[in-house]
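Please arrange chain W with the ligands on chain S, whose structure you already have, making use of the hints.
Line order of the protein sequences matches chains S and W.
Residue 167 in my numbering sits at position 78 of the first sequence; the count goes up by one each step and never skips.
Residue 21 in my numbering sits at position 19 of the second sequence; the count goes up by one each step and never skips.
Because the hints were derived from the structure by calculation, they are not lab data.
Being a predicted model, the structure only gives us computed values, none of them experimental.
Glycine is no exception: its CB is placed at the ideal position from the N, C-alpha and C atoms.
Be aware that one or more of the hints could be misleading.
[As the list claims (entries may be wrong)] If we take Cβ atoms under 10 Å as the criterion, some of the chain W residues that face chain S in the derived model are:
id, residue
1, R16
2, S20
3, H46
4, L65
5, V66
6, W126
7, R159
8, G161
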Amino acid sequence: MRPFAYERAEEAAGAIATLTDGAPGAMYLGGGTNLVDLMKLGVAAPDLLVDVSHLPHDRVEQLPDGGLRIGAAVLNSTLAADRTVRERYPVLSQALLAGASGQLRNLATVGGNLLQRTRCAYFMDVSKPCNKRVPGSGCPAREGDHRNHAIIGHSEACVATHPSDMAVALVALGATVEVRGAAGARTIPLPGLHRLPGDAPERDTVLDPGDLITAVVLPPSAPGAVSRYRKIRDRASYAFAVVSIAALLELDEDGAVREARIAFGGLAHAPWRALVAEEELRGLPATAESFGRAADAELAQARPLRDNGFKVPLARNLTVRTLGELAAQAERRSGR
Amino acid sequence: MPTNDITLTVNGERHDLSLDTRTSLLDALRERLDLTGAKKGCDHGQCGACTVLLDGRRVNSCLVLAVAHDGAEITTIEGLAEPDGELHPLQTAFVEHDAFQCGYCTPGQICSAVGMLAEAAAGWPSVVTEDLVADATDPAALSDGEIRERMSGNLCRCGAYAHIVPAIADVAGRR
Ligand SMILES: Cc1cc2nc3c(=O)[nH]c(=O)nc-3n(C[C@H](O)[C@H](O)[C@H](O)COP(=O)(O)OP(=O)(O)OC[C@H]3O[C@@H](n4cnc5c(N)ncnc54)[C@H](O)[C@@H]3O)c2cc1C
Ligand code: SF4
Ligand code: FES
Ligand code: FES
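So that you can see chain S by itself, here it is in the shape it has in the complex (with noise of 0.2 Å):
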């Protein structure tokens, strides 16, 4: 690993100067799950490490419009177990719980999560080429092993997917990130934070240089709205989604659907908002058969690669499957 230094930030503003004002081997670090595993790899090569864990941005609260911001420090065990996360944004608090394990969540803030990188093998390994760790590299995956690779929204230059779990609940939840960078502060709604590859694979998401997440804000929840989160992978736990559904699901009086909001882990360079599958729903039963063709309707986009085109199916029938169980949940909410 190479030698770097190390600050413990005391404020924001500090933090943020470092990282602009010509410090361009600086990183911030978070709870170092995923930036120090890089580190040890190669992959990450900072001089400098501001850690942001320490700022006041760890607390929950509760905001006048029925919202919830969430700070970016705080940890994704603390987020999962809170109460209101889990009476209002059950998907939220599943999805957490889906990912990594326990000793892993106690270390990881919610900033971190959001912007760790990619699994995909070659990224990972530096004595491979890889368009996004050596732009113009090439990308091995492409032909190689790419089986948990993206099937929709990939590019010559990348086809690898972004692997959080709790980002995808976010998107489904319409979340919003708080960002501070050299320009002051602003907002980013998701999903607009994380790209997809195009040609410029080395950059994940839109942020710039030094900008700091420093909270998530979640608007208020739907009052009738049921959510969940599932996960398939390859084993029963401490495993990255293959496939994974955020779903959240609102009936009408006569049990069609009133409003939909799914986004698919697993599937892409950034998580995927399933807008054409929302659209599709409106108005519809709530059936299986409604729900299997909002899901082809979706995935009519995917351009799976010689060996994932199974994530097609997988995709459709947790997307049937979880939805039945949303729309289950409601009915007997309602009473029906």
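Just chain W with the ligands now, kept in the frame of chain S:
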């Protein structure tokens, strides 16, 4: 080679250390403090052999930079027994249930189980918990499925799971 001066309180004892910033908490414990109970399995957060309690929470010490935790309190497997040598109930249960073969994963399993039972007692759900909003989970009520899920961050290459789960269930129920 940048070094930082930090203080760690490990198993109740204060240590002032001057560390290369690259030192993981695991290496600080093993190489500097001679506490070799926590094991290095993968060194990448994938196996749980290095699990210790950091300010009361179970963590993978291989991915923790020691210098990022100046002032922290750490408990390792060496610090679980009573000063008079009486074993922690989880240590006793692992012995009684024969919950290991080679023993390499065991310190991590036990530290993880200590943290896990505290999490359950605090009412934290897991991904297999049906009712997320129910009040505090009673550790005694943890099903085998709950224990397996909550302990999934600890791998055992010898496959001693069939005895690890009952050992933990035993202690959970005895509380
Ligand atoms: C074995 C293993 C299994 C895992 N399984 C899963 C899984 O199943 N699902 C899943 O979702 N995740 C999984 N993870 C990944 C884990 O969730 C992430 O490593 C973690 O969330 C990252 O958070 P952190 O605080 O440790 O980030 P760090 O590693 O500290 O940082 C990650 C990145 O974010 C940047 N950063 C951190 N905080 C900020 C901020 N406030 N503003 C701007 N930039 C910031 C850092 O510079 C760095 O580039 C797994 C990890 C491991 C090691
Ligand atoms: S898929 Fe992306 S991350 Fe993986 S090798 Fe290709 S360019 Fe690199
Ligand atoms: S050595 Fe830390 S998780 Fe394997
Ligand atoms: S007892 Fe050998 S690895 Fe668990």
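Do the hints match the structure? See the list:
no.: 1; hint: R16; in the structure: 20 Å, violated
no.: 2; hint: S20; in the structure: 13 Å, violated
no.: 3; hint: H46; in the structure: 5 Å, holds
no.: 4; hint: L65; in the structure: 5 Å, holds
no.: 5; hint: V66; in the structure: 7 Å, holds
no.: 6; hint: W126; in the structure: 4 Å, holds
no.: 7; hint: R159; in the structure: 14 Å, violated
no.: 8; hint: G161; in the structure: 14 Å, violated
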